[in-house]
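Q: Sequence:
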Amino acid sequence: MAATSKKPWRNFRRKAADESDSEDNKNEQQDDVMEIEEEKSAVEIIEKPVKKKKKKKDKKESAKLLSFEDDHDVEDGDVFKIKKSSQSKRLAKQLKKEKLKEKEEYSKATEENSSAKDPPPPKKSEEEADEKIRKLREEFMTLNGDDAAAVDLDSEEEDKGTLHKLLGKGEIPDANMIHNIRKKRQQARNMGDFVPLDNAAKPENASSRLVREDDNDKSEDEDGRIDFTINVEALERQRIKDQFLAAEHGSDEESDQEREWEAQQIRKGVTVGQPVDTKTEDQEASDEGTRQSNGYTYQSTTTATTFQPFTAMSKTNNLADINMDVIKKRLKERLDSMEEVSRRHTQERESLITDIDDADQSTVTCEGSVDALEKRYRFFQEMRGYVRDLVECLNEKVPIINDLETRMLNLLRRQSEQLVSRRQQDVRDQCQDYMTSKAKIVMESSEGQAKQMRVAEREARRSRRRRKREVKSIRGHHEGLSSDDEENQSDITKFNLEKDAIDSGVARLFEDVEEDFKEVTCVRERFESWKREYGETYSEAYIGLCLPNLFNPFVRLQLIQWNPLEAHGQDFEDTQWFETLVFYGCQPEETEQDANNDDVKLLPTIVEKIIVPRITVLAETVWDPLSTTQTSRLVNTIQRIIRDYPCAHSSNKFMQNLLHAVVKRLQKTLDDDVFMPLYPKSAIENRSSGAAVFFHRQSWTCIKLLGSIMSWHAIISTSILQNLALDGLLNRYVILGLCNSVLNQETIQKCHSVVSTFPKEWFAGLDEEKTLPQLENLCKYMVSAAKTIEKDLAAAKDMDKKDHRDMIKQISKILVNVHALNHALSLQA
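Counting along the sequence shown from 1, when you hit position 78 you're at 78 in the UniProt record's numbering, and nothing is skipped either side.
Below, a list of computed lysine-lysine pairs in the DSSO-like style, where the Cα atoms sit at most 30 Å apart:
{"#": "1", "residue 1": "K99", "residue 2": "K89"}
{"#": "2", "residue 1": "K668", "residue 2": "K499"}
{"#": "3", "residue 1": "K609", "residue 2": "K499"}
{"#": "4", "residue 1": "K468", "residue 2": "K750"}
{"#": "5", "residue 1": "K103", "residue 2": "K135"}
{"#": "6", "residue 1": "K132", "residue 2": "K99"}
{"#": "7", "residue 1": "K791", "residue 2": "K809"}
{"#": "8", "residue 1": "K801", "residue 2": "K813"}
{"#": "9", "residue 1": "K787", "residue 2": "K809"}
I should point out that these hints are in silico values taken from the structure, not numbers from a laboratory.
Please build the complete structure, drawing on both the sequences and the hints.
A: Structural data, given as structure tokens:
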């Protein structure tokens, strides 16, 4: 068997096994399958031409293997083959095995019969094998369907012409020959030599259920001649149908085109002939118009006369059907169609003209904006390089700024801790000095010398402060109200040296940097030029949100030397960075600023993210609540921030951290720095004694701290403030000292100083005649003091009675100020 080329996939319709087929057809199909199995190809029909010697029966069967009923499935240059299915291959192999097995059994039986010289074995086994093979063949035919039916071709229909001669020789035509024959047949159809009729009957001897072109082709008779008969009835029916459709659908262009196409296809299927006559050339020329007017154009040949459809008057077949109305109607339809086409073309032309004008205008516009775009491009390229260099520079300087900032904070913290530690040590020393002789502790010589040195330094500081008050004529001062934050010269010198080193590092930080990167002013000018020239891109890049982080290193560097707790410290609003950025992004012609403008939020954001955190650190580590001046400066700074900057509110996390640091520092002072000594009244009756001086000093220190705590009113919440001031200091230390004091004018003055620190807002909302619950102990003490003075009033001298009455009036006034009306009324009664 010849080698086959690549087999294209073919989708052949399957033909189910029909039990009603005749026995002859079944036998022929079985013979065909047997022949296919002998050739080792179950479903291959046409391959490359291979010459083989076959019997006459093979030649006859090979004619049946040729078919043209599926011509439409064959493409130019392809080999017409049927794809083998897996089941057909399996059945073919099984048939082959059965046949070989049958031959082997038959040969063995023949040998046994010849050796034994017995009659041949019964044919029962052979009949069973045949029946089994027949069933397999039927199953094979059922699975393959039309693949098997395609090989059952009628030799009588294809036994003509060159193909008939080739098959007569026993040769199998190749794909090229089949393609050429099909091409000639198609050309003959186009030329009108023969056309298959739709109503042709199915060939009687066709064994396949497929209606094939060759089976229905009746245009050729047995002798190969063409039938040129005219089907007049079909033409008349078509004419009536066209008239009906024209009357129903009017002048619809799409319906007319569809009906015209259908009429052309029907006329192509009808072969119209005319006998050959012997007219002269002049007669033929004179008849040309008549033939065209009938709707057809005739072409004379030597054997027959064929025609081609004339599409201009395809709906009329007789001259009588053509009149002026029909012609006018057709012309009107044609004119309308052309006008519609012309209208569309005009619209398209106008649209194209408009597009061309727009393109020209766009070209002119683009050419005019080249310079501006080039300038814009250069600006952004320069700005990109500048920002990149600036960020790289700041990344190098930020670690140094962090180190300088840490050094300065550590220096201030050590200074504060030294002052607080010295004050606490002085309190311990005085407490030990003024104890009774039984409670005194014998000190070693070395410790005693250090103590004497501390006492000398303390008294020297007090003397210097006293002389300063006398020079300034300050009255109403009491011992214990001063902060005692003076330092000796050695500590001051050491502090200044380290501070100068830090200041020098700040000044030298940007010495190796270009002018465009070392000052806040240069950076501001760059970004202001961007906003002024290309404001839209400035907003799209969210530069207003990025500027606080960009200016952060410059601001922090200038704030390293800023300390709001110093007596003569510079305010942060007077620094160079603040004056540079306060009017950033503001144009002279602008009268109002947009609240949503990110540039307006530049300073509030810097204050929120830089100033407030630095104040938080100072309040937590440097601030001394016992220093009245430091507390006043810190409170004023925070109040100004809350008043002037919208970022300072209770929900802001930076402000919350600051207030938590303040409360924590106040609580630490209450726990570590407040001390109230308890002496018998006999020890403090002598106002000039050391114990009395130390007692009164600590009493006024507690009153001073109470005032410092109360200065945070309207900043710290009322509940926290009352807890610190009233519960933690007044009821715990101050009232205890008042109770141990001698009842005199100084004691009444202490009570008045305590009450004067209370904010009036605490008592404005009280409806009853009672004061705050935390002030009940103070009110009870003053009522008791007033009653004691009344008792002493009867035994007092006339000169002292007036003083006693004045003291009672002062106590009653104090009770009224704290809204303790019930206690005040009890004194008047």
